[in-house]
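Novice: So you can see what is in the structure, the chains are spelled out below.
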Amino acid sequence: MTKPVKIGVAVALLLLSLLLPYLFSSMLIRHFIVLIAINIVLVMGLDIVVGHLGLISLGHAGFMGIGAYACAISVMNHDAPFLLGLLLAVLCAGLAGFIVGYPSINLRGHYFVIVTFISGIIFNLFFTNLISITKGPMGMPGIPPPSIGFGDRFSIVVDSKVSYYYLVWVFIVIVGFVKIRFNHSKIGRAMSAIREDEDLARSIGVRVHFYKVLGFVFSTAIAGLSGGLYAHYFRFIGPDSFTLFQSFNAFVMNLVGGMGTVAGPIIGPALLTLIDEVFQLFKPEYARILFGVFLILIILYMPKGIAGLVKERMGGRTWSQKKAVS
Amino acid sequence: MLAQVFLNALFLSSIYCLMALGLTIILGVMDIADFAQAGLYMLGAYVAFFVCQVLGAGFLVAVLIAMIATGVVGVVNNTLVYQPVLKRGANTLIAALGILLIIQNLALLIFGPDYQTYHLAFGEGKIELFGGTITVYKTMIIVVTALLAPAVWLFLSKTKIGKAIRAVSQDKEGASLVGISGDKVSIFTFCLGTMFSGLSGAFLSPIYAFDAFFGSQFIVKSLTIVIFGGLGSLRGAVVGALIIGIGEDMIAGYWSTEYSSLLTFVLLILILFVRPQGIFGRRPA
Numbered sequence: 001m002t003k004p005v006k007i008g009v010a011v012a013l014l015l016l017s018l019l020l021p022y023l024f025s026s027m028l029i030r031h032f033i034v035l036i037a038i039n040i041v042l043v044m045g046l047d048i049v050v051g052h053l054g055l056i057s058l059g060h061a062g063f064m065g066i067g068a069y070a071c072a073i074s075v076m077n078h079d080a081p082f083l084l085g086l087l088l089a090v091l092c093a094g095l096a097g098f099i100v101g102y103p104s105i106n107l108r109g110h111y112f113v114i115v116t117f118i119s120g121i122i123f124n125l126f127f128t129n130l131i132s133i134t135k136g137p138m139g140m141p142g143i144p145p146p147s148i149g150f151g152d153r154f155s156i157v158v159d160s161k162v163s164y165y166y167l168v169w170v171f172i173v174i175v176g177f178v179k180i181r182f183n184h185s186k187i188g189r190a191m192s193a194i195r196e197d198e199d200l201a202r203s204i205g206v207r208v209h210f211y212k213v214l215g216f217v218f219s220t221a222i223a224g225l226s227g228g229l230y231a232h233y234f235r236f237i238g239p240d241s242f243t244l245f246q247s248f249n250a251f252v253m254n255l256v257g258g259m260g261t262v263a264g265p266i267i268g269p270a271l272l273t274l275i276d277e278v279f280q281l282f283k284p285e286y287a288r289i290l291f292g293v294f295l296i297l298i299i300l301y302m303p304k305g306i307a308g309l310v311k312e313r314m315g316g317r318t319w320s321q322k323k324a325v326s
Numbered sequence: 001m002l003a004q005v006f007l008n009a010l011f012l013s014s015i016y017c018l019m020a021l022g023l024t025i026i027l028g029v030m031d032i033a034d035f036a037q038a039g040l041y042m043l044g045a046y047v048a049f050f051v052c053q054v055l056g057a058g059f060l061v062a063v064l065i066a067m068i069a070t071g072v073v074g075v076v077n078n079t080l081v082y083q084p085v086l087k088r089g090a091n092t093l094i095a096a097l098g099i100l101l102i103i104q105n106l107a108l109l110i111f112g113p114d115y116q117t118y119h120l121a122f123g124e125g126k127i128e129l130f131g132g133t134i135t136v137y138k139t140m141i142i143v144v145t146a147l148l149a150p151a152v153w154l155f156l157s158k159t160k161i162g163k164a165i166r167a168v169s170q171d172k173e174g175a176s177l178v179g180i181s182g183d184k185v186s187i188f189t190f191c192l193g194t195m196f197s198g199l200s201g202a203f204l205s206p207i208y209a210f211d212a213f214f215g216s217q218f219i220v221k222s223l224t225i226v227i228f229g230g231l232g233s234l235r236g237a238v239v240g241a242l243i244i245g246i247g248e249d250m251i252a253g254y255w256s257t258e259y260s261s262l263l264t265f266v267l268l269i270l271i272l273f274v275r276p277q278g279i280f281g282r283r284p285a
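Sequence order for the protein chains is A and B.
My numbering numbers the first residue of the first sequence as 1 and each following residue consecutively.
My numbering numbers the first residue of the second sequence as 1 and each following residue consecutively.
Because the hints were derived from the structure by calculation, they are not lab data.
Incorrect hints may have been included.
Capping the alpha-carbon separation at 27 Å, the derived lysine-lysine pairs in DSS-like fashion look like this [to be verified]: (1) Lys311/A with Lys87/B; (2) Lys304/A with Lys163/B; (3) Lys184/B with Lys158/B.
Just so you have them, the derived chain B footprint on chain A, three or more residues with Cβ under 8 Å [to be verified]: (4) 120-127; (5) 283-295.
A few chain A residues that don't get close to chain B, going by computed Cβ distances all over 10 Å [said to hold, decoys possible]: (6) Lys3; (7) Arg30; (8) Leu95; (9) Phe117; (10) Ile133; (11) Phe182; (12) Ile267; (13) Ile275; (14) Pro303; (15) Gly308.
Ideal Cβ placement from N, Cα and C applies to all residues, glycine included.
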């Protein structure tokens, strides 16, 4: 595709996404759409680690939870405005990402994944056991809907599903734009170099550890953002909202959608959230068994995910193919 | 108090040790982080429960059947999933997660969401040791582990099969050059490793209430122990299990049970800063 066509398609998709909640009048479907949107933010963040750095993180639900608790606590207990709470969520999750990532990100083989996996579980233990702060397994009910603006008089309260969708939409567009520009920036190119060959990247002077930690912190910070959005949408958070299974889920979504692409983290959550939520209505176990089967089949037969497959079919070349040609 | 805490800790360490041995054998030889063993702990517990309670057989028979069942599932996982994934050069860890999802949710479908508990007819008696008491059952587990850990070491270092396994773990191509079949070794390793997970699950079942997600809390501990001790190191698994088991019980006994799991995290971060390859680990080439 040429550049003008690409921009045209992008604008058309953006407009369509703006109209999306009005295409369905059912509350349930609108609820799914908001849920998908929040998951898209999470998976876009995760994709920086998985797609751009070529690592795996299985603890992102933990970072999401840190963001959710940070945002909910600062808004409920300390009367912070919503956007400040969201900022705190991003900072706290980013800080946690730094603490976990700094010592462990250069570990090779299975080490790093195991570390993220364990830290996700440990964060969940914190949520359950720091009862004085998080209210433990009871969870935190009654989180107010976000109000954006100054004071009571000049602020918008985002309390309907449609308006919440637009709130999340703004963040998706921001994160998505950053991701599109990523490949054209110094940071993005450094990360691609690290993913393709770490030793080679180091030998030509790329600060490997710095960029890896940067990517991981950025990714966890976005997970924190999605956590803040999650908390104020559901208005209830508990340790059960941020379990290992949610981390798996995010990862499967990323894998199914396609790693390292912009479309992948949108397709994956849209498809799998829908499957998961529809099965929740009767028997969630089947959906999870299906996820497990998906996971194995995709790494065997479709490692680039749906977005990668579409790209190949449409004649566009993926990064590694470009490398092979040149 | 100290003796009591120590005795409990010894029991906990034994269970952790069995779990970590199963993981570390597979990790060391096949380079597969077999997360799916979380499902096998659960499977071992359920099989032991059914053989004991529903069929009314003795506990030792139940443990043996649990080991065989998990061994079979482990070998099936290996041939159906891990080997094709390895051949395509894909990530085995993701495959392991897929298997775990499938096993846990199948169990949830079959056994339902309720916790199971049962009591054994034997092992209720108590032994007095250094001022603390411990049940006969827990003592038995400690003794079995204390015998099994050196037995595995002897097996790997002295027997022909053990030597073949170690040869494959050191150099797969070199081993195949001298006529060791990588496929056979992989099947055998998986059988051995997953039997340990079945054993530990079965041992835990009369003491802990278990459900379909029973293994998840333990896999975290055993993975930490394996990292702490060094991937693939048997000594590391034993020492790591002792440190984490005793440390956890000390914290639970003297400070707070809520933070006992925190030790796992602190130790993990600490070891990664100081010695990322683990206490007994080889420095990665």
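Novice: None of the hints should be skipped; say for each whether it holds.
Specialist: Structure-based check of each hint:
no.	hint	result
1	Lys311/A with Lys87/B	holds, 25 Å
2	Lys304/A with Lys163/B	violated, 39 Å
3	Lys184/B with Lys158/B	holds, 18 Å
4	120-127	holds (count 3)
5	283-295	holds (count 10)
6	Lys3	holds, 34 Å
7	Arg30	holds, 28 Å
8	Leu95	holds, 14 Å
9	Phe117	violated, 7 Å
10	Ile133	holds, 12 Å
11	Phe182	holds, 23 Å
12	Ile267	holds, 18 Å
13	Ile275	holds, 13 Å
14	Pro303	violated, 6 Å
15	Gly308	holds, 14 Å
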